[in-house]
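Enquirer: When you get a sec, could you build the whole thing from the sequences and use the hints?
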Amino acid sequence: MFIAPRVADAKDWITTETGDWEIILGLEVHAQVASNSKLFSGAATEYGAEPNSQVSLVDAGMPGMLPVVNEFCLEQAVKTGIGLNAQINLFSRFDRKNYFYVDLPQGYQISQFEFPIVGEGEIDIVPIDADGKVGEQVSVGIERLHLEQDAGKSIHDLSPDETYVDLNRSGVCLMEIVSKPDMRSPDEASAYVEKLRGIVRALGTCDGDMEKGNLRADVNVSVRRPGGELGTRCEIKNVNSMRFIRQAINYEARRQIEIIESGNEVDQETRLFDSVKGETRTMRSKEDAHDYRYFPDPDLLPIKLEQSFVDRIRSEMPEMPDARKARFMEAYGLSEYDARLLSGDIDMSNFYETLAKGRDAKIAANWMLGDFAGALNKGGIELTDSPVDADALGGLIDRISDDTISGKIAKGVFEKMFESGDSADTIIERDGLKQVTDTGAIEKIVDEVIAANSDQAAKVADNPRLIGFFVGQVMKASGGKANPKAVNEILKAKLGL
Amino acid sequence: MSDLTKLTLDAALTGMANGEFSSVEITKAHIDAIKDAGKLNAFITDTHDLALEQAAASDARRAKGEAGLLEGAPLGVKDLFCTTGVRTTACSKILGDFTPTYESSVTANMKADGMVMLGKLNLDEFAMGSSNETSFYGPVINPWRKDADLVPGGSSGGSASAVAADLCLGATATDTGGSIRQPAAFTGTVGIKPTYGRCSRWGTVAFASSLDQAGPIAKTVKDSAILLQSMAGYDAKDSTSLNLPVPDWVSACGASIKGMKIGIPKEYTIDGMPKEIEDLWQQGMKWLEAAGAEIVHISLPHTKYALPAYYVVAPAEASSNLARYDGMRYGLRVEGENLNDTYERTRTEGFGDEVRRRIMIGTYVLSSGYYDAYYLRAQKVRTKIADDFKAAWEKCDAILTPTCPSGPFPVGHKFNDPVKMYLNDIFTVTANLAGLPGISVPAGLDANGLPLGLQIIGRALDEETVFKAASALEDAAGFSAKPLKWWG
Numbered sequence: 001m002f003i004a005p006r007v008a009d010a011k012d013w014i015t016t017e018t019g020d021w022e023i024i025l026g027l028e029v030h031a032q033v034a035s036n037s038k039l040f041s042g043a044a045t046e047y048g049a050e051p052n053s054q055v056s057l058v059d060a061g062m063p064g065m066l067p068v069v070n071e072f073c074l075e076q077a078v079k080t081g082i083g084l085n086a087q088i089n090l091f092s093r094f095d096r097k098n099y100f101y102v103d104l105p106q107g108y109q110i111s112q113f114e115f116p117i118v119g120e121g122e123i124d125i126v127p128i129d130a131d132g133k134v135g136e137q138v139s140v141g142i143e144r145l146h147l148e149q150d151a152g153k154s155i156h157d158l159s160p161d162e163t164y165v166d167l168n169r170s171g172v173c174l175m176e177i178v179s180k181p182d183m184r185s186p187d188e189a190s191a192y193v194e195k196l197r198g199i200v201r202a203l204g205t206c207d208g209d210m211e212k213g214n215l216r217a218d219v220n221v222s223v224r225r226p227g228g229e230l231g232t233r234c235e236i237k238n239v240n241s242m243r244f245i246r247q248a249i250n251y252e253a254r255r256q257i258e259i260i261e262s263g264n265e266v267d268q269e270t271r272l273f274d275s276v277k278g279e280t281r282t283m284r285s286k287e288d289a290h291d292y293r294y295f296p297d298p299d300l301l302p303i304k305l306e307q308s309f310v311d312r313i314r315s316e317m318p319e320m321p322d323a324r325k326a327r328f329m330e331a332y333g334l335s336e337y338d339a340r341l342l343s344g345d346i347d348m349s350n351f352y353e354t355l356a357k358g359r360d361a362k363i364a365a366n367w368m369l370g371d372f373a374g375a376l377n378k379g380g381i382e383l384t385d386s387p388v389d390a391d392a393l394g395g396l397i398d399r400i401s402d403d404t405i406s407g408k409i410a411k412g413v414f415e416k417m418f419e420s421g422d423s424a425d426t427i428i429e430r431d432g433l434k435q436v437t438d439t440g441a442i443e444k445i446v447d448e449v450i451a452a453n454s455d456q457a458a459k460v461a462d463n464p465r466l467i468g469f470f471v472g473q474v475m476k477a478s479g480g481k482a483n484p485k486a487v488n489e490i491l492k493a494k495l496g497l
Numbered sequence: 498m499s500d501l502t503k504l505t506l507d508a509a510l511t512g513m514a515n516g517e518f519s520s521v522e523i524t525k526a527h528i529d530a531i532k533d534a535g536k537l538n539a540f541i542t543d544t545h546d547l548a549l550e551q552a553a554a555s556d557a558r559r560a561k562g563e564a565g566l567l568e569g570a571p572l573g574v575k576d577l578f579c580t581t582g583v584r585t586t587a588c589s590k591i592l593g594d595f596t597p598t599y600e601s602s603v604t605a606n607m608k609a610d611g612m613v614m615l616g617k618l619n620l621d622e623f624a625m626g627s628s629n630e631t632s633f634y635g636p637v638i639n640p641w642r643k644d645a646d647l648v649p650g651g652s653s654g655g656s657a658s659a660v661a662a663d664l665c666l667g668a669t670a671t672d673t674g675g676s677i678r679q680p681a682a683f684t685g686t687v688g689i690k691p692t693y694g695r696c697s698r699w700g701t702v703a704f705a706s707s708l709d710q711a712g713p714i715a716k717t718v719k720d721s722a723i724l725l726q727s728m729a730g731y732d733a734k735d736s737t738s739l740n741l742p743v744p745d746w747v748s749a750c751g752a753s754i755k756g757m758k759i760g761i762p763k764e765y766t767i768d769g770m771p772k773e774i775e776d777l778w779q780q781g782m783k784w785l786e787a788a789g790a791e792i793v794h795i796s797l798p799h800t801k802y803a804l805p806a807y808y809v810v811a812p813a814e815a816s817s818n819l820a821r822y823d824g825m826r827y828g829l830r831v832e833g834e835n836l837n838d839t840y841e842r843t844r845t846e847g848f849g850d851e852v853r854r855r856i857m858i859g860t861y862v863l864s865s866g867y868y869d870a871y872y873l874r875a876q877k878v879r880t881k882i883a884d885d886f887k888a889a890w891e892k893c894d895a896i897l898t899p900t901c902p903s904g905p906f907p908v909g910h911k912f913n914d915p916v917k918m919y920l921n922d923i924f925t926v927t928a929n930l931a932g933l934p935g936i937s938v939p940a941g942l943d944a945n946g947l948p949l950g951l952q953i954i955g956r957a958l959d960e961e962t963v964f965k966a967a968s969a970l971e972d973a974a975g976f977s978a979k980p981l982k983w984w985g
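Protein sequences appear in the order of chains B and X.
The numbering of the first sequence is this note's numbering, which starts it at 1 and goes up by one.
The numbering of the second sequence is this note's numbering, which starts it at 498 and goes up by one.
Where hints are given, some of them may not hold.
Partial pick of chain X residues on the chain B-facing surface, computed with a CB cut under 8 Å [what the hints assert, rightly or not]:
| # | residue |
| --- | --- |
| 1 | G700 |
| 2 | S707 |
| 3 | S736 |
| 4 | S817 |
| 5 | A820 |
| 6 | M825 |
| 7 | R826 |
| 8 | R830 |
| 9 | E832 |
| 10 | N835 |
| 11 | L836 |
| 12 | Y840 |
| 13 | K917 |
| 14 | Y919 |
Reference listing, derived: stretches of chain B covered by chain X, where coverage requires no fewer than 3 residues with Cβ under 8 Å from a Cβ of chain X [claimed, not checked]:
| # | region |
| --- | --- |
| 15 | 65-76 |
| 16 | 282-295 |
Label pairs and their calculated CB-CB ranges [unchecked claim]:
| # | chain 1 | residue 1 | chain 2 | residue 2 | range |
| --- | --- | --- | --- | --- | --- |
| 17 | X | K734 | B | H290 | 44 to 52 Å |
| 18 | X | Y861 | B | P226 | 39 to 47 Å |
| 19 | X | A609 | B | D157 | 47 to 55 Å |
| 20 | X | V916 | B | K286 | 34 to 42 Å |
| 21 | B | T163 | X | T511 | 53 to 61 Å |
| 22 | B | D274 | X | V916 | 52 to 60 Å |
| 23 | X | A870 | B | L301 | 22 to 30 Å |
| 24 | X | V916 | B | I3 | 48 to 56 Å |
These are calculated hints, taken from the structure and not from any lab test.
We treat Cβ as the ideally placed atom computed from N, Cα and C, and that holds for glycine.
Expert: Here it is, written out as structure tokens:
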């Protein structure tokens, strides 16, 4: 039986006319193992291949075919388990989950029911709300991680009366990571998935691509009075983006509250999230729930891992996001907030470390989290597809550091870099944006500006703050290219400050 | 030339090696015999043209000095083994004209050794039955006859009948609860089920994965050793295959059993067993004793739970293994109003009564709320039975029992009484539950002149001892009776 002792922060409560409610959330995340071949067959797993072109005799459930476990997949599960600070079970077993469906050729899914390969673990998450406000750190318990086969894909919309089946995905290896019901808000659920994604990507055990369905979540939602009796939960299947996870939870929690407040009871059921309408709807009720008739798969031997195998994987573990965050704070002097943002995802971290190498680490962080992140977000572009790579962005920062351009000009240069993919140097050269550091040229402009504003110049002695006015005028006259430091010094000398 | 079909496999291989006759000649002789024996209904798919091509190719190989273990021998294949380009039905309507694009590992091994395949042999549907009456292609008739048509036993009834009637030199078979040994006993042939894992299950239509094991049905103990030697071997495509070399079993045949301890389990005496079977068993003890073995009395206390446990475990696995026959990708499909209706119609029409009965039993015992009481308990019984044998091996090297509690019975006699039918397996299921090798050797005739068999069970992986004891039994029994040829 689940227990859920933690009470949500009051800010996460949902308040209605009848009082306060809190949301209890547990997630089952399916992460596709980054393996070139399937869990029990040698067929390829490449995404987007011609339908039914990556199907072995085993995947198609042909008579007399037998599964043979892909040991690479076992290793990925163990690695992920260690990344989740979880118990690695030296004994585990594959079971059959029996049900009929057109995209399940064997009539059963090979999964792990009683003895999963990974047991209990725990990860820390830090929720961030829609306004970017950072919440308190929360520990989320991991119940288990087990391996299972994916089913094929049923395609219902190609024909009005036929269903087409693509078995390319049939037999692909999934890790199902089951959390304890330790989350209390959409922000926490989202942070949890983000954290899991960061871990599997750092390990390379799953590419974390939610758009391709390589990482997807089943969200268990129930509501209760803060700290009160647990309510009946509903499971929302296959939610495949962070935004949809938040939307689905918000919708579902309110739906359940309405049901309870109108004096009815929530039915335990499996629901679907309709991302177009932004609502959840019944997929199957408890009465329709399958009796899966789990039993040990007699075609496979139990998995018995050697401790030395687990130890070897443990000794080869790459840096995990938490350790990386600590290192970023220590080595680069970053704030916790910046360090977290830069350390969560392996691509992001690698980008940052390339950028920061030999440069001012804080300026590098500001650029990455500022204009650069903004441009990616605005364009809906993945970091790996960015037209500006770390070396290019570094080239821009270098021109600020060596006073070739000012920080202000740099913003414009960056925009052009992002549009065209050209280097900072090319754009600076082409558009003649090089900062004027030639003191003779600046003196000339200063003289002209003082001459044109002689009455103001006379007042400077009494009101030194007027110098700002002159700096602005000189910069304007230079088209922003004059070196602000030189302008200041020359102005001070000429105005006798 | 004398009738080549009367030869043993060993004699035929020697004859071909000595150039006395060719594979084409002996293959033709068997094809003629098969054409004559339609009444037995042993073969359901003939591959005679293919066989003659294989025979000619075999003769060419032999001429080049490249003869394999089974070079040129015309054999039959139970229609549970998938064969490339040759229809494979498991004798079920649901598989329709399913023609595999792949070859089972067992038959691939035999082909590599020079086998000539005459055709595919009848069996109980999905190997579920003890009389070969559940086949969609009709019952197999035992070449041994008394007043009425008799069953050849099952599920490998086609294999046993074909070997007994000299339609092939030997045949592949499978044994989940006695499906090799019981038909061998009913037809006066030899059948061995090796240790679980000796023969790959890859490409053999599954019945109950943890119990299924391939083996041969043959005319003599030595023939069965030759065939098993070819069929067995490690296969990485079957996770339960044993990664061990195949010993020289042929040499074990005829070796001395002096000092061998033969266990006689007291629990294998059951109520209602005909006295002639009890007597034959006693005779078997005397024969082995005379050959230098020592008889020791042992106990296998959980034997009485074996049959019920078997009829929980086997249907449970079958209910899941047969889920893939859903009309979606191959075989029979009966269109319904919607998906579930199509499933129901396809599987109702495609499976026979016995298969449906076992799927229902299996589904029931795995259902939530019943799993612990049935499936889990049956697995515990299985462990106890394996422990019984382990304790017995402290006292003996092999165990002698009757193969079956009765001789062959008339067609239709037990067909509508499943419990009576299941009792056929009472002495054979224990070896499957414990994964042990077991062989049936023809040892005598009953009052009606019908064959009876004795069974030797050995330690896991110790087929060698089993073959030694079986040879001694065969020598002493001197079983040479053949059925009168009434069918052609």
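Enquirer: Go through the numbered hints given earlier and state which of them the structure violates, listing their numbers in rising order.
Expert: 8, 9, 10, 13, 14 and 17
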